[in-house]
Structures are given as structure tokens and as C-alpha cells.
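So the sequence lines, in the order shown, correspond to chains A and B. Residue numbers for the first sequence follow this note's numbering, so the first one is 1 and each next one is one higher. Residue numbers for the second sequence follow this note's numbering, so the first one is 553 and each next one is one higher.
Rather than coming from a laboratory, the hints here were simulated on the basis of the structure.
Partial chain A-side listing against chain B, Cβ under 7 Å, derived:
1) D79
2) E160
3) P162
4) E222
5) N282
6) T437
7) D442
Even for Gly, the Cβ is constructed at its ideal location relative to N, Cα and C.
Here is what each chain is made of, one letter per residue.
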Amino acid sequence: MKNRSDTVTDSEGVSLEDLQGPTINRRTTVKLLSVAGVAGLAGCAGAGGSNSGDASTTGDETPESGGSITAGWYASGLDDLDPHYVTSGERFQLIANITSGLTMVTPEMEMQGDLATDWTVENGGARIVYKLRKDVSFHNGEEFTADDVAFSVRRSVSQEAPNSDLLSPLKPLDEGGVSVIDDYTIAVEFEQPYIPGLIYFSREGRAANVINQTALEEKGREEFKRFPVGTGPFEVVSHDVGEKIELEAFDDYYGTDENGTQLPYLDGVTIRAVPEAGTIVNALRSSDLDFINEVPLENAPQLKQNSEIVTHQRPDLNYYNLSMNSDVEPFTTKTARLGFAKLIDSERMVEEGFFGNANPEPTLYSPAHEWIYRDWEDKPQDQAYDPEEGQRLLEEAGVTDASVTLLADSRTTRLMEIIQRQLSNAGLDVNIEQVSTSVYWDRVPDADAVITWSSGDYDPDTGIYRSFHSEGIFNDAGYDNGRVDELLEAQRETTDRDERREQLQEIEDRVIKDAPTAFFGHREDVVGHRSHVSGFVHVPFQRRLEYLWTSE
Amino acid sequence: MKQHALARLGQSAILVWLVSTIVFFWVRLLPGGPFQTMFGQQANPQVIKNMATEFGLNQPLYMQYLNWMSDLVLLDGGRSITSGEKVTSILLQAAPKSISIAVLGAVIGLSLAFPAAIISATHKDRLPDIVSTIIAYIGLSMPGFFIGILLALIFGVYLGWLPVFGYTPLSEGVIPWLKSVALPAAAVGLPYGAVVMRITRSSLIDTLNAPYLRTARAKGVGSRVRLYKHALQNALIPIVTIAGIQFGIIVVGTVTVEFVFGINALGRLLVESILQRNYPVTQGVIILIAVMMILINIIVDLTYTVLDPQISYDSEARS
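Chain A on its own, in the form it takes in the complex (with noise of 0.2 Å):
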């Protein structure tokens, strides 16, 4: 028996009685995505930025069963499939195919059950009880139970795995923070009240992935790296380290379409990964790719006008910015900042950094991040691009004649080129360093500046938190402003969600004020295929092959 008693009530009507499983319907989903910050992604899915009137989501066709396609990833390796421990995104995206979550977000943005048919949100939001499917298999024909989910979780956060911290509102395992009930019940407690759990336990939610403890014991971690067993739309069945991945639809896998018919619908999907540019796009322009996860910016408008090749684009979830180190002179005072970030043409940035295809915005929150997002006009200008004030602060500040060097690797080095110019151009000597990612990491603390972002996090949360408080794993720039850590740790318990966006936007406010970073724009998020490939709705970060079919 659910105890519905216990209702928390938003001042937009989402309430735990709305929270409770099955399913949450699309309307409770996008207020619940809301307050884990990806309301843009719902007001979006399946609409706009297809180059071809987005054929392959309107649901117009049929989906046919069968058939196999090639799918690029824009990667020099795809070598670590333990969902745990992987650390970038197109991985993780991959992943996602292979393992499960308790919950999901569906192409036509429900929440739903994956693992679980059911669940119930107690204690004011600080506990869910979740009823697992008995209907499911691993890939390696054992049956899935609560265990499972108990093993994975335990792993993740024993371990400190790269992900663990996804899970650091949770309780101490031994205190409850995951506890079996039954064979097909388990329950998850938060240290406070935490409606966005349910994201973070979700499929996309990447420290929850259930994964097989029988067979990661029997093939040891090096194995379960390139062959993970989860419970999956597909299995791995063979894997080439660096050149390509073989998907074969898993026969047992318990996900249907509206109609009933088995998921996935192909039969199998060769993931190749590719590291060039120009090889990508070549691939999908010549055939032997049916699908490429990311269609690098640069080429994003020569597969547009192309008329066998289908792109879908729409604003990412990231923010992209120089971090300025305010240990090291001259980013030791705020105006000096100010007048740094008031030197970068974010216009110029996006036109020449991202080929146009990003919002020039210097502000922390993407338009994707619909809820919290306000016209630029709302915000703070203290980021602005005005090269005579800019100058000014830099004279205020006593740092005209200042040294800099920027760090960069090979991701950022072309970014950095720009900054490098802009900032020349205004008199400032500024030089680069550029080293391999391999020294890049053990370099940044001391650095004067470099260039970070965050990925395509569904809650705001995981990008800010991390970068901004003065204790998170990300603060390049040796940010410490207690003003904003108080309101970091507290939107991470705040269930209203207007509360809680009034506390994000002062988080952003404080942050353009400050300058700890200086801000240059969202980039977009554009994914190609072939005509003959249909299924893809666009949600940014997902890539999920299960709804994809082929007409050839």
C-alpha cells in the first residue's frame, strides 16, 4: 500500500501524489525535469531544427523490425564501457544503450519505469520505494533482482567511482541510503528531501546503470570494460578496441513501442569510432555510415544541404568559458576579471569557434535550461563585450602591461587561438601553451586561465556545483564566494521550484557579477543521418539506437 499521505506540493502542482510510479505523464515530467532543470529538453523533443521537416519523429510511418545499420562515434576510442567509471559524454551515450536505469525518460518526455513498474516517493521526498520488472534478463541469461541494484550502487559509491558523486545525496549505504526488501524491491534514502533523485536513478542518470555482478566478477574489470553486461535494448558481442563496437539487439529485452511491438527495432548496430572530423562526414556522405552521434560544427552546414542526409539541431545544455585563475596575477581582483571578460567578443567567438552554430550569450544557463533562462536583456551586462570599458577596468586595476598564458590541449587549442587574438588585439601580451591532455590535467590548478564547460547535464546542478563552489572538483578558478556556496548547497534541497529557480538565477547573477570565468556562449547540439534512418528525437545528450529503424 502507497503512503499517499504524505504530499509536498510545489507552487506549480507537482506533488508527490504526482511523483508516484507507474508512469508520470509528460506534464508532471516536464515540471519534474524542471526542478532537475532539463524543462527545455521537454518543451522541445520532437519538434524543429531538423534539416528535412524532422520526418524521422513525427510517428507519421511505421517502424519496420529488421535490418542493421552503421553508427559513427565521433571518438578516438570507445575502449571503456563501464558505465561507472566513464567520464565523457559520448561514452556514456553509448552506454546508455547497453545498460539500464530504474527509471527513464521516454522520446515523448514521460517518465517511466525501466527497471522498476512502479515506485512511491516518501518522507517529504528523502525516500523512493521501487518496484523492479520480474520479467528481466542480463545479457547473460541471469535473472535481474533488487540485488542488482543494490550491487551496482554499492560498487559505484564504495569505489568512489568517477560517477559516485551523482549519488552524494544519499544516505551512508550501512544507514539505509539503498536497502533490499525483497527480491523485487528496493528502496533509495536521502540524506534530505530530493525530488531530483529520480533523475539521477534514472537510465541517463549514468552512477545508478545496473550492471551484471556475476559477470563482472567472471570476466574481471578488463573484460567487463569492452563486453559490460547489462539489461539493455542491446548486448556487445564484439568488440575491436578503437575501430568498432558490434550491437546485436538483445531477443529477451523487456522494452516495447506504444503498440506493443519488441525494442529495439534493428537487428543490430555497428558502432565505429571515428576520430576526424572530415572522416565522419565523409563516412555519412558516402554511405558507410547511416548515423553519426555528432556532427562536427564545422561541417554542420555541408550535411544540411545535402539532401539524402537528414540533421537535427537544437541548444545543448553546457556553457562554455575561460576560467581565470584568481590565485595568479592579474586575475587576482575582480575588475581586473571583468575587464578580461569584457575584452572577448562572444558574436566573434561563436561565428569563428563554433561556426555559428551556438547562442553568443556571456551567461551561465543555455536556453535549453528553459526554467531558469532569461532573455539576455534580464541579465546581468557586466559581461558584455565592450573593448573601451574593458581597457578601462584593466587600467583600474593596474594589469595594462600584465603577462598571460593560456593553457590549452588539443580540445581547446583552436578556442584559445581566438581569445589569444582578441585579447592581443587590445594591447595585452598573452601567449599559449598548448600540452598533451595527458599533462593538460596535472597543469590546470597552477594555470593562469583555461577554457572548461559543462556537458549536457540534465540538472544544472552537476555543472554548477562542481565549478563554483569553492569545494567543487571543477573550481579551476579558485572561486570562493560564500554567498553563492550557501545557495548552491541550498537549491540542492529545495523541492519548490520557484524557490529554487530564484536560487539558481541569483547563483548566475552573483557568478557574471564576480567573474570568476568569463562567459562565451551555449554551443548546439547537432546529430546526422541518412534518409533511410528514421526513430531519432532529439533529447540532447541521448542517442538512443532502440527507436531507430531503417526502410532499407
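Using the hints, position chain B against chain A.
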């Protein structure tokens, strides 16, 4: 001959040991480490500790070296830090790709170089020579990856005849294999052919002007016999030397071409493993490269004895 072979074998073993020892310590002297490269700022101390234990990197350096050497004797190069796969398996997957590209590239290069060089040498300073020389210089001045991009656009994108990326193993059929390596092989083979053509041309011109060939001509020996039997055979020694060294280079030095065609062969594997500080893979690739270069040199040396009977590694024959 037997003594020579044994001596070469001994020298080779010492050379491989030296290379492996140098590379073992060299990769560890490089700044940065594998775990921060893998996990970036999310590489917390617990993760680093777990991974270091998993790969034995928490042991003293001399212990790591002794363990690695004792495994290496048994042809066990350890496991890749990033993928967990055995280094020997990785090399067995990558080496056939490199060898396929290099062998087919050499065939393409040589089949263009020799006829062009012969025409050029026998028509010195005339139109065929000038045309051949210009083409050779174009081949020399265009990097392989640039040729690769052009070929991919023409034969892959516009004509659709050949795949623009990826490798199909020979086990899946000769035609699919040939199609998958044709473009990268041409990309490395054309500059290779240009080098060989220039060397062959100059070597052949020198030989054609040698006194013994003038004598042969005076004695009425036909031009074909003079060219193919006498001149070309004698001109081949410097050609074989250069062709052999260049072949060794294209086996492992085609990294840019491998990137263009999305093929994870030895060159790309080496570059990525160094960038990732994936010590076991870097060590394995460099040792394999050393072994291959030694083998190529031995084959070149043995070829000398076939081309020129005066060259012998038999000490008795020399005495």
C-alpha cells in the same frame, strides 16, 4: 653463413632488450599519468589508488620492470590500462592492418616507380623524363594524409566505389579486404613510389653510364639485355636499401593516414597510447616496431646476396 645468422640473431636479441628497457623507463619519465588522462578532474585519489593497484603501478619501479621483463619472456606484454585488453591481442589486431596497408602500398608504389624510373632514365632530359620527374616531385611534396583525403573524396564520396574509412580483415574475403585498404595503401604508396622512382632513376642513370655498359654496347649487346640484365640488376642495391628503409617507415609511420581512414593500426595505436600514457601498449608497440625493423633489415641484407654474388656473409667464402 650460419655463424653470421647466429650473430645477427644475438645482436637482434640484445637490441630488442635494449629498446624494451629504454622504452619502459622513458614512458614513465613522461609527465602526466594514465589515470588523470582517463578520468580528468574526476580522478579522485581512491580511483587512482584502485587502478594503480590493478595494474601494479603502485610497486617500486624496479619491481615493475622485473615483473614486466619476466612476463615479456613469455610473450605476455600485460594489459591495456584503458581497455583492459591483452597487449598481445591488441598488437595482433593492429599489426595486420599496418602490414596490409604497407604491403599493398609498396606494391602500388613500386609498380608505378619502376616503369616511370626506367622511362625517365632511358629518356634523360627529354619529355618523358621531365613528366615523370614532375609527377614524382608532386608525390614527394604531398603528404600521405592529404593524398588520402583527396582519394577518399574522389573514390569514396563522389564515385562511391570504395569505403572511406575502416578496415575489413582478410578473413572476411579478399575483395572486401582489398577495397578497405586500397585507398590508404594508395595514400602511403604514392609518396613511397615517388622516393623509389627518384632513387631508381639516378641509380640507373649512373649504371647506364658505367664503362662496362659502354663496352657491352660496343660489343653489340642489345639494349633490352643491357638495360634489364646488366644495368637494372647492378642498380638495384641502393634501390633495395632505400625501398627497405622506406617500407619500414610506412609500416609504422602512417599515423596521419590511419586517422584519415579511421583505421586503428600500429601508428595510431602508438600515438594514442603515448598520449594516454597507456604504458603497456606503448611498450608493446615499440618493441614490435623494433622487431619488424630488424626483420626488414635482415631481409634487405639477404637480398644483397641474391642481387650481387660478390656479397656473401659466409666467412669461408670470403677467406
